[in-house]
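Residue numbers (UniProt numbering), protein chains in the order written: chain C, 1 to 307; chain R, 1 to 296.
Since the hints were derived computationally from the structure, they do not count as laboratory data. Small disclaimer: the values here were computed from a predicted structure and weren't measured. Built from N, CA and C at the ideal position, the CB exists for glycine as well. Among these hints, one or two may not hold up.
Said to hold, decoys possible - What follows is a list of derived Cβ distance ranges for each label pair: (1) R:PRO193 with C:SER102: 29 to 35 Å; (2) R:ASP223 with C:PHE287: 33 to 39 Å; (3) R:VAL85 with C:PRO56: 39 to 45 Å; (4) C:ILE170 with R:THR134: 35 to 41 Å; (5) R:PRO279 with C:ILE169: 28 to 34 Å; (6) C:LYS107 with R:PHE92: 34 to 40 Å; (7) C:PHE109 with R:LEU73: 36 to 42 Å; (8) R:ILE80 with C:PHE287: 34 to 40 Å; (9) C:ILE291 with R:PHE92: 32 to 38 Å; (10) C:PHE287 with R:LEU73: 58 to 64 Å; (11) C:LEU11 with R:ILE80: 37 to 43 Å; (12) C:ASP193 with R:VAL85: 42 to 48 Å; (13) C:LEU19 with R:LEU22: 51 to 57 Å.
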Amino acid sequence: MRLISGFFQDLAKNKVLVLMLLPTIVFFLINNYSPMVGVYYAFIQFDFNSGLFDAPFVGFQNFEFLWKSGKLLELTANTLGYNVVFIFLGNGLSILVAILLSEVGGKWFKKISQSVLFLPYFVSFVVLSVIVFNLFNYERGVLNTVVKSLGMEPIDIYGQPNLWIAIIIIFYLWKNVGYSMVIYFAAITGISDDYYEAAKIDGANMFQRARHITLPMLKSTFVILLLFALGSIMKGQFDLFYQLVGNNGLLFSTTDILDTYVYRSLRVTFDFGMATAAGVYQSIFGFILIITVNGIIRRLNRDYSLF
Amino acid sequence: MKVRDDSSAKWFKLLAYVVVILGCIFCVLPFLLILSGSFSSNESLITSGYHFLPRDFTLDGYKIIFELPQEILRAYGVTIFTTVVGTTTGLFLMTMAGYVLQRKDFKSRNFFSFFIYFTTLFGGGLVPWYLLMTKYLKFGDSYYALIFPGLMTPFLIILMRSFIKSTIPDEIVESSKIDGAGDFKIYYRIVLPLSLPGIATVGLFLALNYWNDWFSSALFINDSSKFQLQFYLYNIMNTASFLATFGGGGVSLSGGVPTESMKMAMSIVVIGPILFLYPFIQRYFVKGLTIGAVKG
Numbered sequence: 001m002r003l004i005s006g007f008f009q010d011l012a013k014n015k016v017l018v019l020m021l022l023p024t025i026v027f028f029l030i031n032n033y034s035p036m037v038g039v040y041y042a043f044i045q046f047d048f049n050s051g052l053f054d055a056p057f058v059g060f061q062n063f064e065f066l067w068k069s070g071k072l073l074e075l076t077a078n079t080l081g082y083n084v085v086f087i088f089l090g091n092g093l094s095i096l097v098a099i100l101l102s103e104v105g106g107k108w109f110k111k112i113s114q115s116v117l118f119l120p121y122f123v124s125f126v127v128l129s130v131i132v133f134n135l136f137n138y139e140r141g142v143l144n145t146v147v148k149s150l151g152m153e154p155i156d157i158y159g160q161p162n163l164w165i166a167i168i169i170i171f172y173l174w175k176n177v178g179y180s181m182v183i184y185f186a187a188i189t190g191i192s193d194d195y196y197e198a199a200k201i202d203g204a205n206m207f208q209r210a211r212h213i214t215l216p217m218l219k220s221t222f223v224i225l226l227l228f229a230l231g232s233i234m235k236g237q238f239d240l241f242y243q244l245v246g247n248n249g250l251l252f253s254t255t256d257i258l259d260t261y262v263y264r265s266l267r268v269t270f271d272f273g274m275a276t277a278a279g280v281y282q283s284i285f286g287f288i289l290i291i292t293v294n295g296i297i298r299r300l301n302r303d304y305s306l307f
Numbered sequence: 001m002k003v004r005d006d007s008s009a010k011w012f013k014l015l016a017y018v019v020v021i022l023g024c025i026f027c028v029l030p031f032l033l034i035l036s037g038s039f040s041s042n043e044s045l046i047t048s049g050y051h052f053l054p055r056d057f058t059l060d061g062y063k064i065i066f067e068l069p070q071e072i073l074r075a076y077g078v079t080i081f082t083t084v085v086g087t088t089t090g091l092f093l094m095t096m097a098g099y100v101l102q103r104k105d106f107k108s109r110n111f112f113s114f115f116i117y118f119t120t121l122f123g124g125g126l127v128p129w130y131l132l133m134t135k136y137l138k139f140g141d142s143y144y145a146l147i148f149p150g151l152m153t154p155f156l157i158i159l160m161r162s163f164i165k166s167t168i169p170d171e172i173v174e175s176s177k178i179d180g181a182g183d184f185k186i187y188y189r190i191v192l193p194l195s196l197p198g199i200a201t202v203g204l205f206l207a208l209n210y211w212n213d214w215f216s217s218a219l220f221i222n223d224s225s226k227f228q229l230q231f232y233l234y235n236i237m238n239t240a241s242f243l244a245t246f247g248g249g250g251v252s253l254s255g256g257v258p259t260e261s262m263k264m265a266m267s268i269v270v271i272g273p274i275l276f277l278y279p280f281i282q283r284y285f286v287k288g289l290t291i292g293a294v295k296g
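In isolation and in its complexed conformation, chain C is listed as follows:
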C-alpha cells in the first residue's frame, strides 16, 4: 500500500513531468497494451461483426487447429533458427568489419567506406525485393544471364527452397551489418590508445591485440545489442521475408516464419482465429525465452542482464 501511495505522491509532486509523459503513456496504452486484451480472440469463434465478448467461446480449439495443421514446429524452427543466425553472424561480421575499418589509414578512406557500408540500411525492403528479383529472376536475372552465357541451363531459383536460406541470410547481412558496424566502430574509437601502446611494448602482435584488448572491450556493446535483438527473437524481419519470398508457396518450407504465416492468415485466408492463436503462441513463447535467457545472463554477470 505504501508503495502505491508513494507512487502517486511522486506523480503529484511532478505534475508537469507527468503531463509531458502523458501522450507517450496514452499512445502505448492504446497501440500496444489494448491489443493484449484482444488475445481473447484466440479463444472465440471470430466474427467480424460481433463484439469481442458476445462471440461463442471455443476454448483451445483454435490452438488445436493450429497444432494439427502441422505447421507450428516448422514455423518455430524457421523463426528461431534465422534469428539465431542473424544475431551471431550479424554481430560477428559487424565486429570483424569494425575492427578492420579501425585499422585502415586515411581519414577520407575511412569516412567514405563507412558511409558506403552503412548505405544499404537506408534502402526500403520493397527496393530490396526489386534487387533480389533482378538477380535471381528465371528469365532475365543476372545470375541466369551469366549461367546461360556459359552455355549451361538456367537455374529456377524461385523454385528451390534450400537456396533461399542462404539468400535471406546474405541480404539480411547486406542490409544490417553496416548499421551495427557503426555502433561497434564507435565503441572501438572510444578505447584508449594507452592499452595498445602498452601491449605493443610487451610484444603483442596485431592479432593478439585485437583478441585480448579490442574484443573484451566490445563485450558490453555486444550484450546490449544481443538483449535488444532477443526482444524480437520470435518476430522481427517480417519485411525481409515477406518482400523477398512473398506468397510463393514453393519456398515456404524454409522461409515461412511466424510473422509471415500470421500475415497470410489475416490477409489471404482470413483465418482470424488461427492467426490470433499463432500470434499468442508467438508472444508467450518469445516472452518465456527472453525471461530464460535474461535469467541465465543475470546468473553469469548481473551487470549485463536487462532487468
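Put chain R on the given structure of chain C with help from the hints.
Same frame as chain C, but now just chain R:
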C-alpha cells in the same frame, strides 16, 4: 613515446583494406543493377536480361514515368505528408518522454521506462492490433493509419533518453530549477537546443521508417489515392513479377503490364531522395548513435 608497428601489423592492414574494399563493392553493386536497368532499353532487358552496366542506353524508362506523373506524384505527396507530420509529432513526443525518463528526481521514471520497454517483450499480436485499428479506432483508409502506429518506438525513446542523460549534466537542470524555471521551460529552453545531434538521429530513424513504410498501406488502405510511395512501387512490381516468380518461364506478359525499364526507373525515383540526402545526414547519424546507443 610512439612504438613502431611490427610486421603483423602490415599484414593486418593489408587484410583490412581488402575486406573493407570488397565490402564496399558488395554494398554498392546491387544499386548499380537497378541504375543500369533504368537506363537500358526495355527490349534489351527482356531479351538479354539485367546487367551491371546498361545495354542499349536510353532514357525511355524515365520518360514513361514523367509523361504520366499524376499517380507517382500523388504517392510521393502521401509519403512526404506522412513523413513530415509523423516525424515532427513523434520527435516532439519522444524527446519530451526521453527528457522526463532521465530526470533523476522523478522517482517513478523506472516504472514508466519499463512500461514502455515491456511492449517489446510481449504483445497482443498482429490480429488484435489490426482489429483495434480497423474496428475500434476506425482508421481504415485514413491518413491516421499511416501516421499513428509509427509515431513512437521504445528503442528510439530509450536512445533519446540515454542521449539526453549523457550530454546534459544534471547540474544545469538543477541550477535552472533554482532560478525558478519550470520543467517544461527547462526542456524547451535548455535540453532541446543541447540535444540536436540526438534529435537529428532519432528524427532520421523515424523519417526513414515513414519513408520506407509499405506495410501500413498494405494492411489498411484500399483507396489507391492514399497509397504510400513504397506500396505504389510494390504494386507495380508485383503485377508482373508475381507471375514470373513461378519459374520455368513460359509466362507471357500482357500489354497492360508496366515495362521493365520503367519499373527500374520507378525504383530509382523512389530511392532517389535518400541517395541524395544520405551524404548530408550520415554524419549526424553516426554521432547520435555513438552517444545514444553505446552508453545505454
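For this session: Using the Cβ atoms, figure out if LYS107 (chain C) sits within 34 to 40 Å of PHE92 (chain R).
Result: holds, 36 Å
Exercise. Honestly, do PHE109 (chain C) and LEU73 (chain R) meet the 36 to 42 Å range at C-beta?
Worked result: Taking Cβ atoms as reference, PHE109 (chain C) and LEU73 (chain R) lie about 40 Å apart, which means the hint holds.
For this session: Indicate whether the distance between the beta carbons of LEU11 (chain C) and ILE80 (chain R) respects the range 37 to 43 Å.
Result: holds, 39 Å
Exercise. Is the distance from the Cβ of ILE170 (chain C) to the Cβ of THR134 (chain R) consistent with 35 to 41 Å?
Worked result: Since ILE170 (chain C) and THR134 (chain R) have Cβ atoms about 36 Å apart, the given range 35 to 41 Å holds.
Problem set entry | Whether the CB-CB distance between ILE291 (chain C) and PHE92 (chain R) falls inside 32 to 38 Å | holds, 34 Å
For this session: With respect to the beta-carbon atoms only, verify the hint that ILE80 (chain R) and PHE287 (chain C) lie 34 to 40 Å apart.
Result: holds, 38 Å
Exercise. Does the Cβ distance between VAL85 (chain R) and PRO56 (chain C) fall inside 39 to 45 Å?
Worked result: With Cβ atoms ~42 Å apart, the hint holds.
For this session: Given the range 42 to 48 Å, decide if the beta-carbon distance of ASP193 (chain C) to VAL85 (chain R) lies inside it.
Result: This hint holds: roughly 46 Å between Cβ atoms.
Exercise. Quick one: are PHE287 (chain C) and LEU73 (chain R) within 58 to 64 Å, going by C-beta?
Worked result: violated, 45 Å
For this session: Given the range 33 to 39 Å, decide if the beta-carbon distance of ASP223 (chain R) to PHE287 (chain C) lies inside it.
Result: Check passed, 37 Å falls within 33 to 39 Å.
Exercise. Do the Cβ positions of LEU19 (chain C) and LEU22 (chain R) conform to the proposed distance bound of 51 to 57 Å?
Worked result: holds, 53 Å
Exercise. Taking the beta carbons of PRO279 (chain R) and ILE169 (chain C), is their distance inside 28 to 34 Å?
Worked result: With Cβ atoms ~29 Å apart, the hint holds.
In the structure shown, a violation is registered for the earlier hint numbered 10 alone.
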